[in-house]
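> Sequence:
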Amino acid sequence: NMARLRSSVFSVFQFDLLRQLLCVLVAVCVLTQQSLADQQEFLEDFLKREYSLVKPYRGLGFSSSSQWDLMGTAMVTPDHVRLTPDQQSRQGAVWSRIPFVLRDWELRVHFKIHGIGKKNLNGDGLAIWLTRDRMENGPVFGNKNQFVGLGIFVDTYPNADKTHDVSKTSDISVSPVLSLMFSV
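Numbering (mature numbering (1 follows the signal peptide of the UniProt record, and there is no 0)) for the sequence shown: -37 to -1, 1 to 147.
Among the hints, a few may not be true.
[Claimed, not checked] Here are the simulated SDA-like cross-link-like pairs (lysine to any residue), alpha carbons at most 20 Å apart as the crow flies: (1) K75 to K107; (2) K11 to R71; (3) K18 to H43; (4) K75 to T94; (5) K75 to M38; (6) K11 to K107; (7) K18 to Q50; (8) K107 to T36; (9) K18 to M38; (10) K11 to G35; (11) K11 to E69.
In case anyone wonders, no lab produced these hints; they're calculated from the structure.
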């Protein structure tokens, strides 16, 4: 009788433990599903597809239905957008065809500047333009120097004039330099 009692208590204990684990598993699945749904809703609410340049980059700039135009040496693959090759004096750009009309917005940019040139000397930099006029070629990071809008500049070229006086005896070169210009 004692063996049978132990066996039935163990079975009840196993069943109770199994039931508790199942409840925890169901709760985790429900919470995970809710979290994924919340994340998807967040992305749909805040990611404006017409202004977003995201993978895969298919048909970018090549079709009349594309929301983006390519300029200069810009090249597109399904995995990345290359603005310029690793060669001197090259310019490339991607411009949106859709006017920017959002009142409140956030900009997230992921980029990589690289090449096989000298150490830390890969191009002059890049700019992100939010301007009234688009595709206006010029001397300021590929755009005209008189513009209406916002320019965000990442200057990667280690110019001699980009130094910061740390003490009276030494200067430290500052590169890259991030700057912003707003013009109305």
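> Taking the earlier hints as the rules, which of them does this structure contradict?
Structure breaks hints 1, 4, 6, 7 and 10.
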